[in-house]
Amino acid sequence: MDSTGRPTLEETAMAMSRREIAKDAVQQGVEAAITTGGRISAILFDTARRVTTEVGAFGTELFEITEASRRAGEDPDDAGRVTPTHPQDH
1 MDSTGRPTLE ETAMAMSRRE IAKDAVQQGV EAAITTGGRI SAILFDTARR VTTEVGAFGT
61 ELFEITEASR RAGEDPDDAG RVTPTHPQDH
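Counting from 1, one number per residue, gives the positions in the sequence shown under our numbering.
Just so you know, these hints were derived from the structure itself, not from any lab. No residue lacks a Cβ here, since even glycine has one placed at the ideal position from N, Cα and C. Don't take each hint at face value.
[To be verified] Label-pair distances were calculated between CB atoms; the ranges are:
1) A57 to I21: 53 to 59 Å
2) G5 to S41: 48 to 54 Å
3) E54 to I34: 55 to 61 Å
Make a model of the complete structure from these sequences and hints.
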């Protein structure tokens with residue numbers, strides 16, 4: 001401090017430098033957190049998309065099985081024939 005009790009130019013510059021370093025550290029920390037959050041969000045969205053695709057494929061398979069069963073029931077070659085529904089009925 002100078003004779004008036006005020007900080008010297010050097011002391012002010014040093015304090016400013018410390019604040020600048022602290023600000024930079026906080027800024028880098030926030031940027032890292034946002035980047036990580038973005039990456040995690042991308043992973044979650046991709047996972048949700050993949051799950052939706054698989055559920056859709058499963059639904060398509062169920063629809064195809066149902067349609068095949070319906071068509072098999074309408075097959076005139078099978079008229080009067082009883083198809084066992086359980087393996088032990090063979």
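Going down the list of hints, with the structure as the test:
1. A57 to I21: 53 to 59 Å: holds, 54 Å
2. G5 to S41: 48 to 54 Å: For S41 against G5, whose Cβ atoms are near 53 Å apart, the range 48 to 54 Å holds.
3. E54 to I34: 55 to 61 Å: violated, 31 Å
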